[in-house]
Amino acid sequence: MLDLKGQDILDGAQFSREQLEGIMRLAEDFRAQVREKKPLDLMRGLVMASLFFEPSTRTRLSFETAMHRLGGSVIGFASTEGTSVAKGETLVDTIRTVDQYADIIVMRHPQIGSAREAAAVAQAPVINGGDGAGQHPTQALLDLFTIRSECGGLDGRTIVLCGDLKNGRTVHAGVELYKHYACRLIFVAPEALKMPPAITERLRQLGVPVEETADLAEALPRADVLYMTRIQRERFADPAEYERLKDSYILTRAMLERLNPRLTVLHPLPRVNEIATDVDSLPNAAYFRQAQNGVYVRMALLALVAGRL
Amino acid sequence: MLDLKGQDILDGAQFSREQLEGIMRLAEDFRAQVREKKPLDLMRGLVMASLFFEPSTRTRLSFETAMHRLGGSVIGFASTEGTSVAKGETLVDTIRTVDQYADIIVMRHPQIGSAREAAAVAQAPVINGGDGAGQHPTQALLDLFTIRSECGGLDGRTIVLCGDLKNGRTVHAGVELYKHYACRLIFVAPEALKMPPAITERLRQLGVPVEETADLAEALPRADVLYMTRIQRERFADPAEYERLKDSYILTRAMLERLNPRLTVLHPLPRVNEIATDVDSLPNAAYFRQAQNGVYVRMALLALVAGRL
Amino acid sequence: MLDLKGQDILDGAQFSREQLEGIMRLAEDFRAQVREKKPLDLMRGLVMASLFFEPSTRTRLSFETAMHRLGGSVIGFASTEGTSVAKGETLVDTIRTVDQYADIIVMRHPQIGSAREAAAVAQAPVINGGDGAGQHPTQALLDLFTIRSECGGLDGRTIVLCGDLKNGRTVHAGVELYKHYACRLIFVAPEALKMPPAITERLRQLGVPVEETADLAEALPRADVLYMTRIQRERFADPAEYERLKDSYILTRAMLERLNPRLTVLHPLPRVNEIATDVDSLPNAAYFRQAQNGVYVRMALLALVAGRL
Numbered sequence: 567m568l569d570l571k572g573q574d575i576l577d578g579a580q581f582s583r584e585q586l587e588g589i590m591r592l593a594e595d596f597r598a599q600v601r602e603k604k605p606l607d608l609m610r611g612l613v614m615a616s617l618f619f620e621p622s623t624r625t626r627l628s629f630e631t632a633m634h635r636l637g638g639s640v641i642g643f644a645s646t647e648g649t650s651v652a653k654g655e656t657l658v659d660t661i662r663t664v665d666q667y668a669d670i671i672v673m674r675h676p677q678i679g680s681a682r683e684a685a686a687v688a689q690a691p692v693i694n695g696g697d698g699a700g701q702h703p704t705q706a707l708l709d710l711f712t713i714r715s716e717c718g719g720l721d722g723r724t725i726v727l728c729g730d731l732k733n734g735r736t737v738h739a740g741v742e743l744y745k746h747y748a749c750r751l752i753f754v755a756p757e758a759l760k761m762p763p764a765i766t767e768r769l770r771q772l773g774v775p776v777e778e779t780a781d782l783a784e785a786l787p788r789a790d791v792l793y794m795t796r797i798q799r800e801r802f803a804d805p806a807e808y809e810r811l812k813d814s815y816i817l818t819r820a821m822l823e824r825l826n827p828r829l830t831v832l833h834p835l836p837r838v839n840e841i842a843t844d845v846d847s848l849p850n851a852a853y854f855r856q857a858q859n860g861v862y863v864r865m866a867l868l869a870l871v872a873g874r875l
Numbered sequence: 567m568l569d570l571k572g573q574d575i576l577d578g579a580q581f582s583r584e585q586l587e588g589i590m591r592l593a594e595d596f597r598a599q600v601r602e603k604k605p606l607d608l609m610r611g612l613v614m615a616s617l618f619f620e621p622s623t624r625t626r627l628s629f630e631t632a633m634h635r636l637g638g639s640v641i642g643f644a645s646t647e648g649t650s651v652a653k654g655e656t657l658v659d660t661i662r663t664v665d666q667y668a669d670i671i672v673m674r675h676p677q678i679g680s681a682r683e684a685a686a687v688a689q690a691p692v693i694n695g696g697d698g699a700g701q702h703p704t705q706a707l708l709d710l711f712t713i714r715s716e717c718g719g720l721d722g723r724t725i726v727l728c729g730d731l732k733n734g735r736t737v738h739a740g741v742e743l744y745k746h747y748a749c750r751l752i753f754v755a756p757e758a759l760k761m762p763p764a765i766t767e768r769l770r771q772l773g774v775p776v777e778e779t780a781d782l783a784e785a786l787p788r789a790d791v792l793y794m795t796r797i798q799r800e801r802f803a804d805p806a807e808y809e810r811l812k813d814s815y816i817l818t819r820a821m822l823e824r825l826n827p828r829l830t831v832l833h834p835l836p837r838v839n840e841i842a843t844d845v846d847s848l849p850n851a852a853y854f855r856q857a858q859n860g861v862y863v864r865m866a867l868l869a870l871v872a873g874r875l
Numbered sequence: 567m568l569d570l571k572g573q574d575i576l577d578g579a580q581f582s583r584e585q586l587e588g589i590m591r592l593a594e595d596f597r598a599q600v601r602e603k604k605p606l607d608l609m610r611g612l613v614m615a616s617l618f619f620e621p622s623t624r625t626r627l628s629f630e631t632a633m634h635r636l637g638g639s640v641i642g643f644a645s646t647e648g649t650s651v652a653k654g655e656t657l658v659d660t661i662r663t664v665d666q667y668a669d670i671i672v673m674r675h676p677q678i679g680s681a682r683e684a685a686a687v688a689q690a691p692v693i694n695g696g697d698g699a700g701q702h703p704t705q706a707l708l709d710l711f712t713i714r715s716e717c718g719g720l721d722g723r724t725i726v727l728c729g730d731l732k733n734g735r736t737v738h739a740g741v742e743l744y745k746h747y748a749c750r751l752i753f754v755a756p757e758a759l760k761m762p763p764a765i766t767e768r769l770r771q772l773g774v775p776v777e778e779t780a781d782l783a784e785a786l787p788r789a790d791v792l793y794m795t796r797i798q799r800e801r802f803a804d805p806a807e808y809e810r811l812k813d814s815y816i817l818t819r820a821m822l823e824r825l826n827p828r829l830t831v832l833h834p835l836p837r838v839n840e841i842a843t844d845v846d847s848l849p850n851a852a853y854f855r856q857a858q859n860g861v862y863v864r865m866a867l868l869a870l871v872a873g874r875l
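Respectively, the protein sequence lines represent chains A, B and C.
The first sequence begins at 567 in this note's numbering and counts up one residue at a time.
The second sequence begins at 567 in this note's numbering and counts up one residue at a time.
The third sequence begins at 567 in this note's numbering and counts up one residue at a time.
Keep in mind that the hints were calculated from the coordinates and are not lab data.
Treat the hints with care, as some may be off.
[Said to hold, decoys possible] The calculated lysine-lysine pairs, modelled on BS3-like cross-linking and capped at a C-alpha distance of 27 Å, are: (1) C:K760 with B:K604; (2) A:K603 with C:K604; (3) B:K760 with B:K745; (4) B:K745 with B:K732; (5) C:K603 with A:K603; (6) B:K604 with B:K571; (7) A:K571 with C:K604.
[As the list claims (entries may be wrong)] Some, not all, of what chain A presents toward chain C, calculated at C-beta under 10 Å: (8) A598; (9) A686; (10) L829.
Quick caveat, the model's predicted, so the values are computed rather than measured.
In this text, a Cβ means the ideal position worked out from N, Cα and C, and glycines have one as well.
So that you can see chain A by itself, here it is in the shape it has in the complex (with noise of 0.2 Å):
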């Protein structure tokens, strides 16, 4: 039986795929129970702290309805503005005191390790909503589930990652977790933005089939699932280099019917212009029911964090 009561949510390399395997089976429980409208009181008289240093959207609601679903509640900041971190407060102080308040706390920070540096003076367990160009766990456990969900499974699945593989913490979090299946993994991007090198050599050591290209429409044909990711124009120094390489990673769906009209297609969002919005119709346009997956993750991670199940 799966145990992580009081544990830390702070990296995707922190799982086994015992562990992973009952994460996704309790978020397809709360799926269920969610779907058909079931009040649940799994985490009634509990408080989560929703810390955002840093803008989120997505992260922050996603959290915030699972918490609501399990019948728990929310305090915390959707931005440091008007809070003493703008007074000067260092980050240990404000964890240490929020500490005090709530039974878990879910933080985004701008600071690489920012996450594990609460977790080291908080009691409450500390889930990491995203650590600058560092961590995204739970991104990367929605992103398992819906590949999951969305084609019955990894094992024996290919897996294109496509975009800025350099910075994105997101697709660095999500191979920490697809090392422990099956798949093919192929890596496009342009040279300026590969997949860092100690990455992709250990992934192979650990026998994971990696390719690597800068061609998007060469890789189609033979994946099962694409994960887009949005290429950010502030990485390139030459503009003329972005101007160039963005165009090749448009997902459109003309490029879809033509190459590979069953792909499933995953993307973090918010996305800009990666993903015509001529795609979001196709069955297999898969990024909306992702967004919808981060609640039900989420929902097993509190609940499991807490120790109530």
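Assemble the complex: chain A is given as a structure, and chains B and C must be docked to it using the hints.
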């Protein structure tokens, strides 16, 4: 039996008189139950998204109170700062995402038509909490409820609408409801801020008796209800014209006592100076009760569109 | 039996010793129940408005936690941005409106007397969460609770209040409570930031033994409790004077171990540098427990003024 399950509330004009009366009766029931401080469980387990793309204290707090009083939960934002809207996400993508989390979406947005645009993509019912200079149907419903409650009904009553009738979404939404009743309307506005002729014309074709004047003092003695609104300085090209007009539309206790001591006074609030504070303590100054009624009317709408009755 | 139903909490001076003891005992009960993670239903169906016209993390989150722990709901704002206050609504109109929605109003406002002004127009009980340089009664109550809890009572104890005693609303509110107990007070402040002579004089007339000094090291050996506050640079006309003084009021672990290892250390937080972080891990560094006590004391006040006991 009134059934609005799953329906969007976008526009005052969408309701029949029968539906209006059903909403009013339900709001009366909720008023009685809230006044007894009776905890309600109708919406337990449900989540309302409160999306305020534009500032509002009253509408937001009133909707959130309504949801809490029904035993439900609330997620959302009070401004777009710190949301993915600020990161350039489209309205449609934001709505589609929040639709994955919430059972009901309440929104205010500066752009006319935005609520309808949201309703077109959301599966959850969308309630328009004000779309720029467009509609504000829940305000109109609470105004109707207040007149009904203060005067025992609208039939046979004379209602003065005063102030900026050209731009005021509150009065535009209101007349779409009043037209179902055998009441007389007097529009009091300076020439430059008159009710749009198309609206006045349509009301007359429907058989609603409508008078127009610029002189508030002349209209007051014949009225049962005065619906006061703010005249906004920025609408005037000529500041001298504004200076000349604004003073005729400051309601004072002395005016009321001289012209019509039993007049019921409404205002959507916030007011600036168009109702002197010495009016507040009169028994027929109903604008704070009107704010309270907003909770009961919104409780009725939330419970109806959620199908929880 | 302590009855505060419907009463406003505006000022530390409003309480008798008997009332203080009643609040303390109730807060102890709530502490025991929260520590058992026992869900409470006392405030189910009730709504607390949390109106922060001025930033605060601690007071706001602590009040909101308290209301949630009691099973109640919360509406409000964390800053006036995006509210009708920003549109020029008066405080009185905002309060009158929120009074239509909520069963209890908690407010922080930059202006002295604002909470009293609000209480005069609201039917709901108003709890002052800090009115500028005025009062902060719930902070004083939680400080009292902490001293009682850490030292087993106030009678016979010596309490050092250190820092900016001239401007600190926390210490001004505190002495209004300490005066009911047989404790000795030592005020430690630089000449320019001394406790206002009117307060010191009044305490002496009430028979409270009060000493004054500028030398913290001299006062510490005789103390049971040190209540540390921040010295604010902006209060000093002469920066050199600030530089000279601030260092005498930095409490370090070495100072404590040398002068009084058993001293209980309190601080209202946030701190800047007036308590070195090496003090934090000492068993008698009580300032984070003090923050936690704020939840229990506020639970007691909320339940009392709501008449839900």
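Original post:
So which of the earlier hints does this model not fit?
Top reply: Failing hints, ascending: 1, 8, 9 and 10.
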